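A.B. asks: Next come the chains, spelled out residue by residue.
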Amino acid sequence: MKIAILSGKGGTGKTTLSVNLFSFLDQVTLIDTDVEEPNSHLFIKGLDLIEESILKKYPVVNEYLCTNCGKCGDFCNFNAIIPAKKKVLVFQDLCHDCGGCQLVCEPGAITYEDKEMGKTYLQTLSEKKKFIYGNLNVGEVSGVKIIESLHKMTKNEELLLVDCPPGTSCSTVAAIEGADYCIICAEPTPFGISDMKMVVELLRAKNLNFGVVVNKYNLGNDDIYNYLDVENIRMLEKIEFNREFANLLAKGEILIDHSDYFKEKMANIARIVIGEVND
Amino acid sequence: MKIAISSNGNTEKSIVSDRFARAEYFIIYDHDALTFNAVVNPARNEGSGAGGKAVKILADLGVDVALVPELGPKALDALKAFEIKSYQYPREKNVREVLYMYFEKKLPDLLISTVKGHH
Chain A
18 MKIAILSGKG
28 GTGKTTLSVN
38 LFSFLDQVTL
48 IDTDVEEPNS
58 HLFIKGLDLI
68 EESILKKYPV
78 VNEYLCTNCG
88 KCGDFCNFNA
98 IIPAKKKVLV
108 FQDLCHDCGG
118 CQLVCEPGAI
128 TYEDKEMGKT
138 YLQTLSEKKK
148 FIYGNLNVGE
158 VSGVKIIESL
168 HKMTKNEELL
178 LVDCPPGTSC
188 STVAAIEGAD
198 YCIICAEPTP
208 FGISDMKMVV
218 ELLRAKNLNF
228 GVVVNKYNLG
238 NDDIYNYLDV
248 ENIRMLEKIE
258 FNREFANLLA
268 KGEILIDHSD
278 YFKEKMANIA
288 RIVIGEVND
Chain B
19 MKIAISSNGN
29 TEKSIVSDRF
39 ARAEYFIIYD
49 HDALTFNAVV
59 NPARNEGSGA
69 GGKAVKILAD
79 LGVDVALVPE
89 LGPKALDALK
99 AFEIKSYQYP
109 REKNVREVLY
119 MYFEKKLPDL
129 LISTVKGHH
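If you read the protein sequences in the order shown, they are chains A and B. Per the numbering used here, residue 18 is the first one in the first sequence, and the count goes up by one each step. Per the numbering used here, residue 19 is the first one in the second sequence, and the count goes up by one each step.
By construction, these hints were calculated from the structure, which means they are not laboratory data. Since the structure is predicted, the reported quantities are computational estimates derived from the model, not experimental observations. Glycine residues also receive a C-beta, built at the ideal position from the N, C-alpha and C atoms. Wrong hints could be hidden among the right ones.
[Unchecked claim] Distance condition first, Cα-Cα at most 30 Å in a straight line; then the derived DSSO-like pairs of lysine-lysine:
1. B:K123 with B:K103
2. A:K145 with A:K62
3. B:K103 with A:K104
4. A:K104 with B:K98
5. B:K20 with A:K104
[Stated by the list, open to error] Cβ pair distances, simulated, as ranges:
6. A:K104 with B:N55: 41 to 51 Å
7. A:Y129 with B:I33: 42 to 52 Å
8. A:E218 with B:G65: 45 to 55 Å
9. B:P126 with A:K104: 21 to 31 Å
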């Protein structure tokens with residue numbers, strides 16, 4: 018069972034929810050797919066990390082075979098390969114590793130070489146608990162390949178939590194791939210609602226089941242409840258904002274270790290979501 | 019000889035752009051025909067790699083010299099590969115003014131990138 022936690026807006030509590038659900042559950046694996054700025058690992062204290070390099074391919078042009086026809090440059094949507102006067106320019110960090118330039122190169126002048134684009138870090142906390150996060154190298158254009166690696170590494174998990182990136186772009190789409198249920202972690206502010214609407218649109222387009230956790234419910238306004246009502250979206254739980262939670266999080270603490278209120282919220286969310294999927 | 023200038027507007031009296039590859043227009047001055055032509059810059063809205071694309075467009079237009087505000091490393095690599103010379107103009111001038119400065123050899127040659135890549 019794969020459960021994704023996403024939000025649209027940053028800072029609504031995806032990571033808080035992810036690491037606390039992870040701590041609450043007995044047998045579970047968590048992946049942090051926010052590879053541009055992973056944070057979950059800062060809450061999870063455990064054993065050594067096992068690093069693995071994630072490679073991407075970039076084109077290399079054999080100038081003896083190249084006829085300077087220009088087709089590779091016309092094909093590339095990301096300006097990563099540009100045929101110039103005497104040589105073909107390749108900008109490795111712009112390449113999305115799609116393989117297209119090789120397909121359109123009639124003289125067969127293009128081959129690919131590997132380049133490290135980021136890493137994954139695996140941490141085994143116990144026989145029943147495992148955590149993996151990805152980290153994209155600075156300057157790389159897309160973390161999708163690392164997110165796909167995280168999914169491959171966890172494809173046989175009984176219960177998998179996916180801490181997703183903010184936004185609704187390629188990385189988020191890759192992160193929710195194959196999810197049995199998605200939890201939108203929303204805050205009741207104009208910004209939270211605006212960004213959540215984009216997530217709702219994405220999840221409906223992908224035909225995925227989802228519900229909403231309203232985090233920091235005592236801030237902002239009531240617009241979110243009207244929206245959920247009108248759109249007929251299930252509210253899974255409401256979690257209050259208080260200063261004590263903020264203080265604990267600022268120290269990198271897991272909230273359920275300190276708050277029975279928060280622990281009960283995690284229990285409810287887990288029960289509802291696992292129940293929904295099993296129905 | 020053709021000279022390209024990054025510009026906010028489409029005439030030789032327009033103010034020069036403070037971005038090279040994301041300028042609204044390139045004004046192409048043809049020194050043989052003594053004409054100005056404005057080209058809407060198709061690279062200005064690229065998600066990534068605007069620098070390389072802009073240079074390719076200039077090369078396709080037969081440009082020999084580019085007058086620019088600043089250059090990232092990719093644009094600079096591309097200018098070298100297309101054998102287009104680049105010179106840096108000061109801000110707030112108009113296209114005609116920076117062109118005069120170029121002919122009076124008052125614009126510095128750009129051999130190293132002035133800004134880091136933007137992505």
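A.B. asks: Taking the hints in turn, state whether each one holds.
C.D. replies: Now the hints, each set against the structure:
| no. | hint | in the structure |
| --- | --- | --- |
| 1 | B:K123 with B:K103 | 13 Å, holds |
| 2 | A:K145 with A:K62 | 15 Å, holds |
| 3 | B:K103 with A:K104 | 17 Å, holds |
| 4 | A:K104 with B:K98 | 11 Å, holds |
| 5 | B:K20 with A:K104 | 22 Å, holds |
| 6 | A:K104 with B:N55: 41 to 51 Å | 29 Å, violated |
| 7 | A:Y129 with B:I33: 42 to 52 Å | 44 Å, holds |
| 8 | A:E218 with B:G65: 45 to 55 Å | 21 Å, violated |
| 9 | B:P126 with A:K104: 21 to 31 Å | 27 Å, holds |
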